[in-house]
Amino acid sequence: MADGNGEQLGLNQQLHALMDEYLALPVGHPQRRVLVNRIVRSIQRSGKLWRPTGTDVEFYEDALMLTWRHFWRNLWEQTTAKTGAYCEPDCAVIARLNEHLRMRVHDLAVEARSEAAQRANPRQDRESGEWTDPIEQVPAPTSEPGLRSVVEDWLEQDETLQQVHVRGKPEITVTWLIREYLLADRKWKEVSAMADVPISTLSSFYDRECRSRLQVFCRDEGYC
Amino acid sequence: MAKLTELQELSIELPITSAMRQTTDQPARWGAIAVEAYLEMQGFGVDRDDCYWRNPLEKGAIADVMLREFGRLECVVMGDEANVEPGIDRLGYVMVVVKEKSIAILGFADQWPIDAENVMSIDDWMLWLGELVMGSQAIGQMPEFEELWQDAVGRMALVARLNRLYREKEAWEWRYEGEKVLRGEGRELAGASREDGVNEARIDFQDLAESVMERLACVWQNPNP
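Chains S and E, in that order, give the protein sequences. Residues in the first sequence are numbered from 1 upward in steps of one, following my numbering. Residues in the second sequence are numbered from 1001 upward in steps of one, following my numbering.
Just so you know, these hints were derived from the structure itself, not from any lab. Even glycine gets a Cβ: it sits at the ideal position worked out from N, Cα and C. Hints are not guaranteed to be accurate.
Taking CB as the label site, the calculated pair distances span [to be verified]:
id : chain 1 : residue 1 : chain 2 : residue 2 : range
1  : S       : R167      : E       : P1056     : 27 to 37 Å
2  : S       : D185      : E       : E1170     : 52 to 62 Å
3  : S       : R219      : E       : D1151     : 19 to 29 Å
Simulated pairs of lysine-lysine, BS3-like, Cα-Cα distance not exceeding 27 Å [to be verified]:
id : chain 1 : residue 1 : chain 2 : residue 2
4  : S       : K48       : E       : K1101
5  : S       : K187      : E       : K1059
6  : E       : K1099     : S       : K48
7  : E       : K1003     : S       : K169
Can you build the whole structure from these sequences, using the hints too?
What follows is the structure in structure tokens.
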């Protein structure tokens, strides 16, 4: 017990020493980010972060991410020299973090339970006697094949796409490249060999001429 | 420069959340989301709407991260390098290890292909981003260099390439290697119809490269902002 306390104190002092080092550097100094890394590593490697048990385990990852974000926000303001609660000299860093983590796991567990209670209850079919869950009847979101065929139709119909091509290569058009690279799911290496055009030329043509058109199309069709 | 064990010792882990699993089933994209969170925690901005992979019409292999004011990064899962499509507009590659419930952010490489030799630790990555900012600010204040870039992101990409030159080449090589970098930015040689015209244009580029490199080296040798 005494050993454990001693270690805890040691780590806390270590963390505060790193924070002091951070605060002594001017705002915007590149070493500051290295110190942030060192602080986080010290906490992660210490093995002292709390872990839930039982059914609460499933909320741990979400709660941990929320806790890290909270930690960063309450360490200091990035753009000013203002310090947060964790920099206070009397702050027991790990204890405070663990308290936050425990509360987030608790919140998420309560939230999940109340959501489960509100969900439609399973129903029993009178004839077959089978139980069905209404949630299972909800169709899955439209999968990619649907979107693919929409793109294929677009390539087929929009002739202006045939007019934009790689310089000096009239056959390597927007239509051709979207078809052979995106829809056929080929690698640049293969497409480059087919087109007899260097990868860098194709890839920059794709970035410049194809991606933006795909994005506009996607938006117009309501897919994104 | 760093060995794998060293990279692992310096790595930072973030959990794979339920939101990440709902967004995508691709581990490299969980990595991209974790890298976004890490960069935000380090005070950087990320533009989620501008990254490619969130568009449903993007290929499965892509897992990019749009780092505001810097440019596009690609998240690469260690051991899965063969499936990565190294886009030409990437400022660099973030290496991650995907574990059962977490992502370890392992290191960063500013060139492709990645090998152990050119992966820097996340500490060095943060310093590198700092060097880019300082370099970009320094040459951004000098009107004689203005024609070398179209916008702030283009300037950052140029500074990143020149930073690699600074790290990897001797000072006497900067002039000639720098010329290649500047010309690689897609600029044609002006007045290139005659042999001596070509040579003159090249010498202009070399002069420019040398003076840009000297300015940058000056900033990077004395890294006090």
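Consistency of the hints with the structure:
Range check, R167(S) to P1056(E): about 30 Å between beta-carbon atoms, so the 27 to 37 Å window is met. Between D185(S) and E1170(E) the C-beta distance comes to about 44 Å, which lies outside the given range of 52 to 62 Å. Taken as a hint, the range 19 to 29 Å holds for the pair R219(S) and D1151(E), whose Cβ atoms sit roughly 23 Å apart. Taking the CA atoms of K48(S) and K1101(E), the gap is near 18 Å; set against the 27 Å cutoff, the hint holds.
For the proposed pair K187(S) and K1059(E), the alpha carbon gap of about 10 Å is at most 27 Å, so the pair holds. Using a Cα cut-off of 27 Å, the hinted pair K1099(E) and K48(S) holds, with the two alpha carbons roughly 20 Å apart. Taking the CA atoms of K1003(E) and K169(S), the gap is about 45 Å. The hint is violated against a cut of 27 Å.
The earlier numbered hints that this structure contradicts are 2 and 7.
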